[in-house]
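Model the full structure from these sequences, guided by the hints.
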Amino acid sequence: KAGVTQTPRYLIKTRGQQVTLSCSPISGHRSVSWYQQTPGQGLQFLFEYFSETQRNKGNFPGRFSGRQFSNSRSEMNVSTLELGDSALYLCASSFGGAGATNEKLFFGSGTQLSVL
Amino acid sequence: SQKIEQNSEALNIQEGKTATLTCNYTNYSPAYLQWYRQDPGRGPVFLLLIRENEKEKRKERLKVTFDTTLKQSLFHITASQPADSATYLCALHGSSNTGKLIFGQGTTLQVKP
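Residue numbers (my numbering), protein chains in the order written: chain Y, 1 to 116; chain F, 1 to 113.
Cβ-to-Cβ under 10 Å is the rule here; a few derived chain Y residues that face chain F:
id	residue
1	Y35
2	Q37
3	Q41
4	K57
5	G108
6	G110
Across the chosen pairs, the derived CB separations fall in these ranges:
id	chain 1	residue 1	chain 2	residue 2	range
7	Y	S79	F	Q14	46 to 52 Å
8	Y	T5	F	E60	26 to 32 Å
9	Y	E52	F	S29	28 to 34 Å
10	F	A83	Y	P61	38 to 44 Å
11	Y	N77	F	P113	43 to 49 Å
12	F	E9	Y	T38	14 to 20 Å
13	Y	E52	F	A31	23 to 29 Å
FYI, nobody ran anything at the bench for these hints, they're computed from the structure. Glycine included, every Cβ here is placed at the ideal spot set by N, Cα and C.
Below, the structure written as structure tokens:
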């Protein structure tokens with residue numbers, strides 16, 4: 001069974017640009033969560049999607065958005081990039097979602113975003 | 001406010017010894033707690049899950065305890081090996097945080113041969 005796939009692996013952007021990151025969950029998993037990881041803040045929850053609906057949201061500005069498609073693949077978009085958005089963005093999938101069913105999360109390797 | 005605290009200082013131990021990592025939390029009433037391992041440049045990998053009504057869970061050389069009175073979980077690696085060197089993260093959610101698994105900052109373990 002293929003794991004969680006995130007693309008691209010690395011990305012370099014400049015301030016003010018926008019970026020779209022992609023996540024393909026494990027086959028059969030319907031929940032996709034996104035996290036931002038930085039050395040200072042650790043793993044911060046961005047949002048979770050389940051069956052194409054955003055089910056939970058973290059405390060990030062509206063510049064961070066996401067969506068999920070009918071095949072459970074998810075994309076995350078960050079508009080008007082700031083220097084502080086430089087981070088490792090991780091997506092994680094599970095069948096029903098970590099909260100509702102005590103399930104563990106399966107993480108991808110992440111997209112390393114550098115904003116110059 | 002809600003907090004999950006792990007020792008931010010790296011833990012250095014000698015091969016063969018037992019490593020003990022701590023996870024403390026405040027203002028949470030988690031139904032369960034999870035531990036993950038993260039290697040540099042990779043996503044976290046699930047290790048163990050322990051429920052609030054379980055005091056201890058074991059898996060091979062790993063042992064996790066969960067004390068809801070102290071609001072603390074301990075993660076032990078016995079007979080540690082250099083390959084155990086990584087960052088270990090605890091994660092939990094309360095009943096009011098459905099779908100949100102919240103992570104601690106992680107503790108980096110370095111096992112020296």
